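> Sequence:
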Amino acid sequence: MPRKARPEEAETLWHVRNEAMRHGCKICYDAEVIARWTSEKMPEHYRTSRSISCYRPAHAGAELLPNGATVYEVQ
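If you read the sequence shown in the working numbering, its first letter stands for residue 94, the second for the next number, and so on.
Don't read these hints as lab results, they were simulated from the structure.
In this text, all values refer to a predicted model and were calculated from it rather than measured experimentally.
Here a beta-carbon is modelled for each residue, glycine too, at the ideal position from N, C-alpha and C.
Some hints could be false.
[Said to hold, decoys possible] Computed list of lysine to any residue pairs in SDA-like fashion (alpha-carbon distance at most 20 Å, straight line):
hint : residue 1 : residue 2
1    : Lys134    : Met114
2    : Lys134    : Pro100
3    : Lys134    : Ala113
4    : Lys119    : Val109
5    : Lys119    : Arg129
6    : Lys134    : His116
[Said to hold, decoys possible] Now the in silico label distances, taken between C-beta atoms and shown as ranges:
hint : residue 1 : residue 2 : range
7    : Lys119    : Tyr139    : 17 to 27 Å
8    : Lys97     : Glu137    : 16 to 26 Å
9    : Arg96     : Met135    : 12 to 22 Å
10   : Met114    : His138    : 14 to 24 Å
11   : Glu101    : Cys121    : 24 to 34 Å
12   : Glu125    : Arg96     : 29 to 39 Å
13   : Glu102    : Thr131    : 12 to 22 Å
14   : Glu102    : Ser132    : 17 to 27 Å
15   : Arg99     : Glu125    : 25 to 35 Å
16   : Cys118    : Arg143    : 14 to 24 Å
17   : Pro100    : Ser132    : 15 to 25 Å
18   : Arg96     : Ala124    : 26 to 36 Å
19   : Ile120    : Arg99     : 15 to 25 Å
20   : Glu101    : Glu125    : 25 to 35 Å
Use the sequences and the hints to build the structure in full.
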């Protein structure tokens with residue numbers, strides 16, 4: 094059953110987020126812009142932000158698997 098991500102999974106989810114952005118955004122944005130969005134060091138506020146609740150982690154046993162989140166940009 095899908096569940097919301099937990100704060101203790103934040104660092105893994107930050108890594109998944111960065112990899113997804115680096116791969117998926119490269120056709121629309123240059124490397125310099127993507128680099129600003131994907132710092133290696135996770136900001137501590139990310140652990141408790143609403144952003145983390147966008148993720149629905151997948152598991153194989155105890156292992157957290159790469160998965161995605163849907164983020165909508167409102168203009």
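> Work down the list of hints and note, for each, if the structure agrees.
Hints, verified against the model:
no.	hint	result
1	Lys134 x Met114	holds (15 Å)
2	Lys134 x Pro100	holds (16 Å)
3	Lys134 x Ala113	holds (16 Å)
4	Lys119 x Val109	holds (16 Å)
5	Lys119 x Arg129	holds (13 Å)
6	Lys134 x His116	holds (18 Å)
7	Lys119 x Tyr139: 17 to 27 Å	holds (22 Å)
8	Lys97 x Glu137: 16 to 26 Å	holds (19 Å)
9	Arg96 x Met135: 12 to 22 Å	holds (21 Å)
10	Met114 x His138: 14 to 24 Å	holds (18 Å)
11	Glu101 x Cys121: 24 to 34 Å	holds (33 Å)
12	Glu125 x Arg96: 29 to 39 Å	holds (36 Å)
13	Glu102 x Thr131: 12 to 22 Å	holds (18 Å)
14	Glu102 x Ser132: 17 to 27 Å	holds (18 Å)
15	Arg99 x Glu125: 25 to 35 Å	holds (33 Å)
16	Cys118 x Arg143: 14 to 24 Å	holds (21 Å)
17	Pro100 x Ser132: 15 to 25 Å	holds (19 Å)
18	Arg96 x Ala124: 26 to 36 Å	holds (34 Å)
19	Ile120 x Arg99: 15 to 25 Å	violated (32 Å)
20	Glu101 x Glu125: 25 to 35 Å	holds (32 Å)
The structure fails hint 19 only (numbered hints given earlier).
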